[in-house]
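Both chains are given apart, each in its own frame, so use the hints to dock them into the complex.
Same order as they appear, the protein sequences are chains A and B. Going letter by letter, the first sequence gives residues 1 to 204 in our numbering. Going letter by letter, the second sequence gives residues 1 to 321 in our numbering.
If a hint is listed, it holds; no wrong ones were tucked in.
Straight-line Cα separation of at most 27 angstroms, BS3-like style, residue types lysine-lysine; simulated pairs: (1) A/K166 with B/K247; (2) B/K52 with B/K130; (3) A/K190 with A/K71; (4) B/K247 with B/K159; (5) A/K8 with B/K11; (6) A/K62 with A/K141; (7) A/K166 with B/K102; (8) A/K8 with A/K62; (9) B/K119 with B/K159; (10) A/K166 with B/K319; (11) A/K8 with A/K141; (12) B/K319 with A/K109.
Just so you know, the hints here were simulated from the structure itself, not pulled from any lab data.
Letter by letter, the chains look like this.
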Amino acid sequence: MADVRFLKVVVFVNSLIPLVLLLWDLYRERVGPNPLQFATTTTGMLTLIFLSLTVAITPLRKIFGVNSLVKLRRMLGLFAFFYGALHLLTYIWFDRGFNLISVVPDVVKRPFILAGMTAFLLMVPLAITSTNKMVKRLGGKRWANLHRLVYLSVIAAVVHFWMLVKSDTRLPLTFGFIVLFLLGYRLLTKYMPAEPNTSLFPRE
Amino acid sequence: MAENSDKVTDKEVYLNRRRFIQAAVMAGTATATTLIYRRLNPPPAPVVEGDKLAEVAKAPTAEAVKEGFAVNDQVTPLEAITNYNNFYEFDTSKSGVAYAAKGFVTRPWAVSVEGLVNKPKVFDLDELLKFPLEERIYRLRCVEGWSMVIPWVGFPLNKLLEKVEPTSEARYVAFQTLLDPERMPNQRTGVLDWPYVEGLRLDEAMHPLTIMATGMYDETLPPQDGAPIRLVVPWKYGFKSIKSVVKITLVAGEPPTTWNIQAPDEYGFYSNVNPNVPHPRWSQATERRIGEYSRRNTLLFNGYGEQVAHLYQGMDLVKNY
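Isolated chain B, as found in the complex (with noise of 0.2 angstroms):
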């Protein structure tokens, strides 16, 4: 009797014994599978504050509005711009720039503002961060289909053109994000043809409302919006605010730009928001506002018609897209 015991589990351990492993293998699989999706949907990155900007000027609330340089919309949270970023140089995701630009060293930092002008220069950023800064809250809008609204710090890009006197050849000008696959690391990869570069013609980069923005919320740009400066052209699809700047040319001729080179029948030199040109692949009639739950419609010019449709005056814009 004692030997058969020893031999036979009893029924009752048995059943213990596989319940216990039944458990475990639950156990075990529900908390990979988390664990899993947690790793692939990181938590949005926690804000990091900026240095305060000094002696932002901003402009009677009415008369900002008259001159679009203000908007009465709802401003975007601080927390919703910089973790929805299009930064291709860290990161193709959105959620994942924020956490790939940590610590994106910007200093030093220098642009040089050259081709044809009679007083090229290259500009120290300390230097640039000396321009009377304003603030402009603009409407942004990503060619995607969402939009935000953004209180920028920053100066007319007139401003910095006018100290090098562009000569009476210049027609377009040029601007070319940093070049630097260790500081962005993205730029191994080839989604996109490094460095990432843009244009404007001549009158469009002297339009008011065209500026280098070098902070937001009245404090230095975080790194995954731009830092530590960058072109904001708010009547554009927000691929042509090109980002982190270190070169601007002025050219005679119309210059390449990035996502044209990419893709040339999705995204034109032009680029002016238009719902009633459709990209190729969606519709450009509506966008969702960050922080909404319906869509809006989308504005000619994002809005900015007033200030400058008379650039595009006899063009066609369906062709110039």
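Chain A extracted, bound-state conformation (with noise of 0.2 angstroms):
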């Protein structure tokens, strides 16, 4: 990965293309009958397959050896925060109609919104300190302990996921699967000792 510059524009300008297509098919009126509905849907599920991205790469880096992979983990823990917030929009704009007031006493009655909920808020402090500066001002040990707060918001999000669904619980089960096993990779790499190396693949 000689060229990390240009794999950044390359994941950048992939990330985008979703929403794009999201939005021109708002415009034609092509999404079905309830483009609400389906609005949500699609920043949601995005906004769960970031979240896995982001904490895929760790793993991945460390299974295939590919250590310049970190460079582009915070362009993706951006986007999932980015659709989040998208999704949290649609949310607060077409279920409740911007009546903030009303999204409170939604979020207690509702379980699978709580679950949603807390995986944003939990996004949020790490989007703020997202920034170089940040992890300076922080220190690396710090700001690395804070940002493991999205292992709870990615397993918030799935259980969000799999709360809302009513019987075809298959796809929240995946999601549910792969976070499992990128998460538990870590916990097993934390606790064998440490081989000379442990990539399947020679570094380059």
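In structure tokens, the structure reads:
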């Protein structure tokens, strides 16, 4: 991975493509009979995908020995936050009609909304402290500890998804297993004695 | 000099080559992302014209509205009704049912009416289509919090039940959907207990608002909406209105119902539309009418209280959800 800058541009463009397609389809009214629901579902799914990609970076790095992947992590995390914010916006806009007062009892009354709100709120401090400056200000170790909140966020996001489906839990369970693997991998590598070279492939 | 220029690539050429590869990578990944997105989010299925149903009786509006046979709300477009379906026998995504149900074969088809009746009978579909057909413009409220207004075509269930003469022991009516994983491919999965079963109390089944629908918009039912014949009970959540019915059984006790088996604390036998009884995971106070942008208040008995409230007099609607 010689050219990280170029790789970042590729990831950035590809991360925005779903949003562009979603907006284009909404504009052309090609999203089915319930466009609002479609926008909510799609942004929610994108949030979960980007959260999963973010926590996949460390295992992928270690398994494949491609350390430069870490340079993409911040962008992926910020896209998770971005799509999460859009998802929340569609809910506040379409479901609550911008009636912010009604959001509070709704969050308490509907456990799946509580889980989703938790997942989002946990991302807020991470997005705020995502700059290089903030890493320096907090100090690497404290920053890293704070950013472990992403584990809780992705778990809450999967629970949120799992709680809202009626009976077909295959998709939320798939996300659940992926996240379980990604987080479990961390535990395993933490408590297992480090091998001289943990990667499957020799580093370049 | 000539040797040197052979070995070292010219800087200009190197940069051009690099730019070319970068452009190819960008275009390739962007195309792949677009294709994946399109694959996961296909456009709505085109509307397939059904056969025209002859001689559909349409009551004068004022009279129909008074009896609950029609509502003045704007009718939901056919494209929406046929692209937003909960029909787990085909697919668990609402937009996927239209595709998965395409080409569903509904002939031959028969409905067996049996159980506690004097004259059990297997009705062929052609026989059922000979019942005098009426148009009924009903609200449909899904338990998920959305609603539509659908111009059904069908006949009252009581007309069918009268023919088989329920005995005095018959208190409930049980319904069953076709069980055929060949034609209903999602029955190969375990997302629900197959076949789908539903039930009504006999007085609910005999109520004039309860119909067997064989069409909508003056045409035969599209596969995704329960072809060729389905139940419609407008004051209950949509899942009570069982689709693609093959068996109707008159019974003495409350029959099992699919969603109640799936999650007893979330879906009761009665499942009357009730804004005051929330689903354990979400509120039922409001609904999104398909085609509208703000939410409407949900009405008790889906707005059919005048016609049906007497059926539940003295009953605790919170306990009997």
